[in-house]
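**Q** Fit chain B to the known structure of chain A by using the hints.
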Amino acid sequence: MNTVTRAILQGATIGVLALVVGTLHAFVRPVNTWDSQKPALPAPVPIPVANGGGQPTQVQPATTAVTPATATTPPVAPHDERMVTLARFKELLAGPLPLQVVDAREPAEFAQGRIGGALNLPPGEFYGKIPDAVLQRLSRDLPIVVYCGGGNCDASKMVAMRLKDLGFSQTYVYDDGFTGWTQAGEAVEK
Amino acid sequence: MSGTNGKACVPGGGACGLSLCGGVPTVVRLVLGGLFVLAGYMKLTNGDFSYASVKAFDLGLSEPLLQVLARVVPWAELLSGLLLVLGLWARGAAVLIMAMMGAFIVGIASVMLRGLDVKCGCFGALKLFCGDEPMGWCHLIRNSVMAAAGLLIVLAGPGIMAVDNRLRCCATKAD
Numbered sequence: 001m002n003t004v005t006r007a008i009l010q011g012a013t014i015g016v017l018a019l020v021v022g023t024l025h026a027f028v029r030p031v032n033t034w035d036s037q038k039p040a041l042p043a044p045v046p047i048p049v050a051n052g053g054g055q056p057t058q059v060q061p062a063t064t065a066v067t068p069a070t071a072t073t074p075p076v077a078p079h080d081e082r083m084v085t086l087a088r089f090k091e092l093l094a095g096p097l098p099l100q101v102v103d104a105r106e107p108a109e110f111a112q113g114r115i116g117g118a119l120n121l122p123p124g125e126f127y128g129k130i131p132d133a134v135l136q137r138l139s140r141d142l143p144i145v146v147y148c149g150g151g152n153c154d155a156s157k158m159v160a161m162r163l164k165d166l167g168f169s170q171t172y173v174y175d176d177g178f179t180g181w182t183q184a185g186e187a188v189e190k
Numbered sequence: 001m002s003g004t005n006g007k008a009c010v011p012g013g014g015a016c017g018l019s020l021c022g023g024v025p026t027v028v029r030l031v032l033g034g035l036f037v038l039a040g041y042m043k044l045t046n047g048d049f050s051y052a053s054v055k056a057f058d059l060g061l062s063e064p065l066l067q068v069l070a071r072v073v074p075w076a077e078l079l080s081g082l083l084l085v086l087g088l089w090a091r092g093a094a095v096l097i098m099a100m101m102g103a104f105i106v107g108i109a110s111v112m113l114r115g116l117d118v119k120c121g122c123f124g125a126l127k128l129f130c131g132d133e134p135m136g137w138c139h140l141i142r143n144s145v146m147a148a149a150g151l152l153i154v155l156a157g158p159g160i161m162a163v164d165n166r167l168r169c170c171a172t173k174a175d
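Here the protein sequences come in this chain order: A and B.
Everything in the first sequence is counted per the numbering used here, starting at 1 for the first residue and increasing by one.
Everything in the second sequence is counted per the numbering used here, starting at 1 for the first residue and increasing by one.
So here's chain A without its partners, still in its complex pose:
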């Protein structure tokens, strides 16, 4: 058997071993993803919206103080479980409760423009530790809407999943992302 043939056979053996181990791993411990998570929320409930859901008044900064008495009301009723549309996002921004907005894009993109009041928290921040921004600036008592670039980006879902793992149960994803926001002609903060 020549060297190349032996190398190919060895490579195939390693590949089969990886296939077996990886498949077992996937069955024993599936990847915990936003898409594979079951919805953690009960059935949709009415959202308290100021002025009947008109134009947004002011984006609340992520550091807004928490009022426990009002924060107990489920403020978000996503029409499709944990996702919010642009219209719903704007309703929440205009609503009586402070809304925490998280931008999951990379810092360079964030610096070029963002939804007003958003906190920059890309997925990489979560590697190996809990980001300071999470510990110091986000409240578990208030809803969080996470967005990324829109389209095919998964960063918002990855961040939302990490936040939910950390006990931020009222975490939602604005799926159209920053692209959807700007295409709708909404204001951008720079």
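Accuracy of the hints is not assured; some may be wrong.
To be verified - Computed cross-link-like contacts, DSSO-like style, restricted to lysine-lysine with a CA-CA straight-line distance of at most 30 Å:
| hint | chain 1 | residue 1 | chain 2 | residue 2 |
| --- | --- | --- | --- | --- |
| 1 | B | LYS127 | A | LYS129 |
| 2 | B | LYS127 | A | LYS190 |
| 3 | A | LYS90 | A | LYS164 |
| 4 | A | LYS129 | A | LYS164 |
| 5 | A | LYS164 | B | LYS127 |
| 6 | A | LYS129 | A | LYS190 |
Just so you know, the hints here were simulated from the structure itself, not pulled from any lab data.
**A** Only chain B this time, still in chain A's reference frame:
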């Protein structure tokens, strides 16, 4: 066992005479192996990054298959990387890496042709070589370089300080 093809028991175990017996393949093997150990480890410890990486290619795969691939790819990277670092079945590990790089190159080219804006989760949360750029030419070139490094190991052997050399020498002595 005739595992030497009649050649002498030399450190490189491969195409000697081209200055490839010692240092170059060894350095390439260790660097390439280290990178793949890192890539596999980062993906295994951040399963959602791995899942997102596979899903980002938007190949229309079912959820169970995505889950399996998100586990198999990191294990393949980790195993091949470890074997390369050890110099055990180094040529086989290099062949597997070449196959993976080939598949990734096709996938990245497909992403580019479809105009998808996809971020690479190649090294988990780490952004090595290509930064935060969406998948594109940088990733194609990087993967091509790693495939070429694999080809060098297949042709030249694992270099020095490799378990393969020890096994081959033992087999030679046994003969």
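**Q** Going through the numbered hints above, which ones does this structure break? Give me the numbers in ascending order.
**A** none
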